[in-house]
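These protein sequence lines are chains A and B, in that order.
Position 950 of the first sequence, counting from 1, maps to 950 under full-length UniProt numbering, and the rest follow consecutively.
Position 286 of the second sequence, counting from 1, maps to 286 under full-length UniProt numbering, and the rest follow consecutively.
Treat the hints with care, as some may be off.
Result set (DSSO-like, lysine-lysine): computed pairs, CA atoms no more than 30 Å apart in a straight line [what the hints assert, rightly or not]:
| # | chain 1 | residue 1 | chain 2 | residue 2 |
| --- | --- | --- | --- | --- |
| 1 | A | K156 | A | K212 |
| 2 | A | K113 | B | K66 |
| 3 | B | K66 | B | K263 |
| 4 | A | K113 | B | K201 |
It is worth saying that the hints were derived from the structure and are not from the lab.
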Amino acid sequence: MERFHWVRHRCRQLLSVDSERGWYSPPDGFPSKSSLQRVSGKRRTVLARHGPHQQEYEAVSRKYKGNGIRTTKYSLLTFIPMNLFQQFHRAANLYFLFLALLNWVPIVEAFEKEITMIPLLVVLTVIAIKDALEDYRRYLFDKKVNNNLVRVFCGKQKSYVDRCWSDVRVGDFVRLSCNEIIPADLLLLYSSDPRGVCYIETANLDGETNLKQRQVVSDSSLQGSDFTPESFHSRIECENPNNDLNRFKGYIEHSGEARVGLHSSNLLLRSCTIRNTETVVGIVVYAGHETKAMMNNSGPRYKRSQLEKRLNTDVLWCVALLIVMCLIAAVGHGLWVKNYRHSVFQVDGEISPALAGFYVFWTMIIVLQVLIPISLYVSIEIVKLGQIYFIHNDLDFYNEQLDSRIQCRALNITEDLGQIQYLFSDKTGTLTENKMVFRRCSIYGVEYPHVENARRLEVYEAEQNEAAGHTVTLKSVCSGKSMSCRSLSCNRSSVSLHTLTAESPEEEDQLSNHAAARTGAFCSRMAKDVVPDPELVRKLNSLCSSTLRLRDSSTESLSTLELTYITDFFLALAICNSVVVSSPSQPRHVVPEAQAPLKSLEEIKLMFQRLNFYSFSTPQIKSSPRSFTSKLFTRGKTGSFNFNTPPSNSIDGSDLALDTSQETCTLKSKVDLPDRWDGEDSAARRSLEDLENFRDLKGDGDGAKQNVDLDRDVQSDEDSDDELLYEAESPDEAALVHAARAYHCTLRGRSAKSLLVDLPGIGSLVVQLLHILPFDSNRKRMSVVVRHPLTGQVVVYTKGADSVIMDLAEKRRGSEQAQEIYKHIRQQTQKHLDMYAREGLRTLCIAKKILEEDEYEVWLKRQLLAESSIENQEELMLDSAERLENDLTLLGCTGIVDRLQEDVPETIEALQEAGIKVWVLTGDKQETAVNIANACKLLLSNDRLLTANCGSKDACAALLEELLIEVRREVDGEESSLHSTSNFILVIDGQTLEWALQDELKASFLELSCKCKAVICCRSTPLQKSQVVQLIRDKIGVMTLAVGDGANDVSMIQVADVGIGISGQEGMQAVMSSDFAISRFKHLKKLLLVHGHWCYHRLANMILYFIYKNVMYVNLLFWYQFFCGFSGSVMINSWVLILFNLVFTSVPPLIYGILDRDMPADTLMKLPELYGAGGTTKIYIPATFWITILDAFYQSVVCFFVPYFALAGSDVGILSFGSPINTSALLIILLHQVIESNTLTWIHMLVLLLSTILYFGFVLIYSAFCVVCSHPTNLFRVETVQMSQPLFYIICALTTFIALLPRMLFRALFNSLHSSATLRSAQRDEEAAERYRQRMQRWNMKHTGPSSLPVCADNPGLEPSGDEVVS
Amino acid sequence: MGKTKDKSGPLARRPDNSAFKQQRLPAWSPVLTANTVLPFFYLLAVISMLLGVWLLLLVQSTQEIKLDYTDLGNCNECFDLRRNVSNAAQTCSCRVEFSIDKTFKGDVFFYYGLKNFHQNLRRYMDSRDDGQTVGWIKKLKNPSTYCEPFAKDEDGVPIAPCGAVANSMFNDSFTLTYHSSSGRRVPVPLLRKGLTWYTDKNVKFRNPRTDNLTLAQVFEGTRQPLYWQRPVYSLDPHDPNNNGFINEDLIVWMREAAFPNFKKLYGILNRADANFEKGLPRGNYSIDISYNFPVQHFLPIAYLVTSSLILLMAVVLTVAWWKFGKDGKNMKE
């Protein structure tokens, strides 16, 4: 098979080369020697297509592929020969061919010559049609991709014109704008970004949604405002095409100038998306099949289903059976010839018995050919197509948000879905949404549970589970929105909070769908809209208002220290990141010029002085220079918030009133919020503040007027807010920035040296950015060094993994009291961290450190030294960072939900119950992986975690051994006591995995992992993922399934027996290489448990039935040989004989294989144990095969000998004898299927009826009109005469009864006495539920009369114990 | 069904929520349990029983007498003579006498039977040409190669009818005589027509078109099969319309028997004759045949046995159901 595929591949390559040469259409006769050398060498030269070196260009790029892609197997011309060639590669078809040819040998000829060709022709035609359709689909897809438009520089028109992707050539200049997909591998020559960078999103390639920065070729002559392709005279030398995504080497050589090196950050890869950059221009260096994306997309592996492998052995058994039968016939014939050598009926009397036997052997092979279920192979393909059709049409696999169904890309492994034993899953984007959402935080040792926020997330979840029933109402909401949202006073009070929030995301989905506008990475609504914690808001507000109440600090409810903590915390969230701010209209917010302050700064200054007074972390109060503080205020708009405005209403509103009304805040929000929330989505995050305003205003006399002002201000503020789009390198960062924004700590813009931040109550501030120490996996943290906008101090904000930060924040100096407070904060925060981790949240700690100026100076020197050093720069940088990031002050921690996709825990639980081992293979870090495993219930609280992180191979070997001993002891001990699955979970990191996968350690790794309930591989590379899958697949010999969403999962998906791609918004690579593409992880549950189960059962039953059918029918012919001297005579007309399998009894098994349901879908979903992988419910095993064969033998004996005894000794003709036999065989075979079927729909009935009618119709018409056809078995009038006699029917009836009796009896006994334990338990469950329901009803009935207690009605726990009801 | 779907909406690719596509078609699940099967079994047993009894009565009312004349009377001489194929041309006749104890009432059929004659041998069956016997002139002179080695004689003259089947045609003739109680020998009149299916005589077997030629002229240029004593156009000396390919004995013979032991219809008692109006009276007869076979009782007995088997099973099932299944766990629904 492999070899054949290779040949096919070669053929395709040759063909495609030919056709693509046609595309280039280079004038021949330019074979300059130098260029040929270059092409044949290991490098490729790229010149501008429309540049000055026309001739050289053509010569050089003659051999380069165009950008058109062709993934089809055949073309119109090559279809017939290639398809035939491919088909005859199948043993089955060769066997057919062999039989057809054998029948042409006169001495062994059994049937008319043409007849044996029919099955072959039918099979070939059916398969060819199927292949053609499949290929046509691929063709359409290619066409769609090839016909995408892109703007390419045209030499004649001297401008960029729209061209199809397929017309792009190497050397073309391509101009792309934001959100466009890159058509080929481009060398980035120009970017509209002044820094010469461009951002791409590689989701299509590797599933990562973060933005990657690409750099214009570092060559000053190219970068400029006016890049013109005409002026490009350079020559690019680079590697030949290869499939390494991260490697690109070469240089660009200008005429006469020095060479400039090229590297992978200059390359824009095909199928990535340009983000956040207005315009880029690149020159195509690799196109079409030579691009890195396509080179990585090696054609899908031919997957052969497990069942088919099993089937093949059984087909071999059938072959053996055939040979035995033929041998018996041969020997029998030899003996017979010996006895009757000189009889009058002996035609060739001179032949020796041995030779006669030899001839008969071959004749019998033709006669009994049906025994080998050849048509079975075709039937299986058709059945799988039918199964695919139903899987494809399943409503449960439809995703409304994406308007996508399941895609079935592999057509031949449906039943493997029912046999999965190991499931390998990617994490990000597969288990999780890959959307990080801020969930809760802890500051100053105080936990803010963000109850509303949690509720909001739940609401989202609930909403997602709901069907899109509200579409119509949503539309009306949508249309109403544009008019009403600008006014806060629009009242839609009748709508409750929950329904509103439930509907709004759909609104957005719809909008985004229609507008088809992607707003940038991680800007999902869910991440953006964080509902602030009211308590925290209150504290934050009191920060502002406290400026007005400086003197009565005794009544303060919170310490000013805590306030500084909170402010610093949010400031850190807003600035300690590498988030880029942009808006759709404006690519990037740069820090605007500082404006003159409009308000007096007195209050602010006072406040910070006050804060610093109590702050022990700052050793000394540094009054900021007035000139600096005056710069802080850039916009007067901030003053519009009531807590900033100094008017009387804030003052006369007493503190007490403020506090009490704050307490009612949560209650109020339920009432008041909807009014505004339905107005505008973005209003949500402001709602609490608005509430504040309203509350204050209500208490105020002249509230109405204020209200108007406020409206205006809020609106204008919102307008500007809405434009902000955060594009982060990691989704966590985006989540944190959005969280900060919810508390009005808004990051507004970023430039290289400064950041623009809004602070609550203060307004926009320019924060001087001194340093960024980017995240790296060793330090597990990142820091920014800034000059504090208010105090002017140099402050380090650090954000990182909890373990690291907690260690770094250990040592504290300061007063006794301070230390105590600090210790308390640490303890509390640690407690909260643990809680978050248990909840499955991703935790990050935020800390800060205030540097003295001289301290900073010292560090700066070292840092600059480190930056400028060339040797061991990394080390020095690390060293420098570590010197800075110590003695940190812990501010607090955050809990981020990497939200699991909906129903992931349930799905995993169900899959595990179904006996499937679930492994998680992720490139993510260990903590996250474990967190997610926790969240998705892969890791339960009583599971034991085995962690394998080793630094060396020897250590790894030792560790594996050690773990193995531990696990063995435990597992063995458990096994002796009770049969429970082990609860070990192995967590292994990439480095260790690398060693574990080496040959010496493979065995122990395998044993260890097999003994574990689940394995989590983190930090693993795509290659490792596939190696792991391969190891399990090959060494344990189980069915594996890999599911992933990104290109990093492609290799794993291809290696696994069943590869599933998750097609979210992003990533078509995984989908392209997968066998099935679903849009949600939860779909796996139904796909495996229901469709997999069904497909397997259907196919297995159908195969058994098919084998039964063939054996049963063929044996009729075999028994006859005992009465005709083993001469190979048949008592059935040869056409009927051939068509019996091909036509009369072919469709019912297909329907059986497509539509039969052994159990209803909801039962299968409810009881995952019914899944077949456990081995207990396997149908297609040797035992069932042999039982089937035996039953077939029995039935054929009955079917033959009842008519035989009924007609023996009479004057019955040979075909008249065959007639009742054939008819009863048909009836038996069809009724057998009825008995075996689990469900019979009208389709079954129709098909069964049609089969019968077809048989009788054909036989009658054929026997009525065909006078001299089908030479030795002339059926003329035989059937019509037979069927007019009652004897015929009496024989048929008796035969059918007796033949089917045992199976009926068996089925009846089996179903009566035995039903699977699981089913019984299910019934018991149902009954229990039913009984419970009835009991509740009765109870309610009883109690609603005199005194109704509605609380109890829906709370079963409150059912009075005295009310025991008889079951 | 007939509804046209708007495929441009946001849910354009949403699958139809039809019962068929969602595999929710109403289905009858034939879960065979004792409950469902038992009534059926009892019913079946009763039907089989009735059928069996009816058939038995039917069979009882028919009579059969078989005579193996191979060694009977003076037929063994002929048998020895025929053993040698070269003596095919010599005539040999013999007589067998037998008596009937009971009158054969109604229609009486006369068969000849052969034992261990494999008419169903594949090579033998192949060796015929339906095109020739259907009366195609072309085939008459140019028989199909299937007929080999009986297509042409040593001189290359085509054989009509060709092939091994025709060549080995059974050509004994019988005269049945009734020895009445008075000692008078009455020849039993046998109808030698209507032995074949109507279509065989009129469609499947036709003489080549004569066009004013006599049958002998039509068959000129062909020769009779090697074993035959008379050419095909004069098979029946008594009835010129029964000659050629439409000779009824030939047609009967050409329909190959299913088993090596078989019988073929030779004649039907002509009940137009006053003596045999009611059938074949009891008394002594003479014919070359004798061999007594038991009457065919298989079908009625099979039915009766099946009936009792089903009944037995039904009872077993009832007991099983009574003992194990009745507590209702699995029987329910």
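Going through the hints against the structure:
Only pairs whose Cα atoms come within 30 Å are accepted, and K156(A) paired with K212(A) is rejected, the gap being roughly 35 Å. Between the alpha carbons of K113(A) and K66(B) the distance comes to roughly 42 Å, so the proposed pair goes past 30 Å and is violated. At roughly 10 Å between alpha-carbon atoms, K66(B) and K263(B) fall within 30 Å of each other, so this suggested pair holds. Using a Cα cut-off of 30 Å, the hinted pair K113(A) and K201(B) holds, with the two alpha carbons roughly 29 Å apart.
Checked against the numbered hints above, the structure violates hints 1, 2; every other hint is satisfied.
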